[in-house]
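Residue numbers (this note's numbering): 4 to 104.
Warning: the hint list may mix true and false statements.
Derived DSBU-like pairs: lysine-lysine, alpha-carbon spacing no greater than 35 Å straight-line [as the list claims (entries may be wrong)]:
id, residue 1, residue 2
1, 71, 25
2, 5, 79
3, 60, 79
Simulated from the structure, these hints should not be mistaken for laboratory data.
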Amino acid sequence: MKENCSDMNYNNVVNSKFSYLKYSDSSENQTFLFFLNPDSVCRSVRIICDINMKSQKVKEFDSKYLKKGENKWIDKLGGKNYLIELMEGKWSCVIAIESEK
Numbered sequence: 004m005k006e007n008c009s010d011m012n013y014n015n016v017v018n019s020k021f022s023y024l025k026y027s028d029s030s031e032n033q034t035f036l037f038f039l040n041p042d043s044v045c046r047s048v049r050i051i052c053d054i055n056m057k058s059q060k061v062k063e064f065d066s067k068y069l070k071k072g073e074n075k076w077i078d079k080l081g082g083k084n085y086l087i088e089l090m091e092g093k094w095s096c097v098i099a100i101e102s103e104k
């Protein structure tokens, strides 16, 4: 995170149901949640963005990843495929990233 997203700040969270790392930017336009398995390996990522960032994110994903459908992309990394899905809400959009099943 320090190298790729230096503007993000680590937030210490305690949750008895989920194990995750949380980062947010100082303007609170974006929050990253890294969900971990019992061995502390990342199993999925959720990015919550202000709705005003949606078009920027779609443009970014269109330029970097293989389009799979409406608001869906595939990232090929380390011999694995990862599904990226953008879901739009009223005030925010959620980007889910996880291994393709």
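Structure-based check of each hint:
no.: 1; hint: 71 with 25; in the structure: holds, 28 Å
no.: 2; hint: 5 with 79; in the structure: holds, 23 Å
no.: 3; hint: 60 with 79; in the structure: holds, 18 Å
The structure agrees with every numbered hint stated previously.
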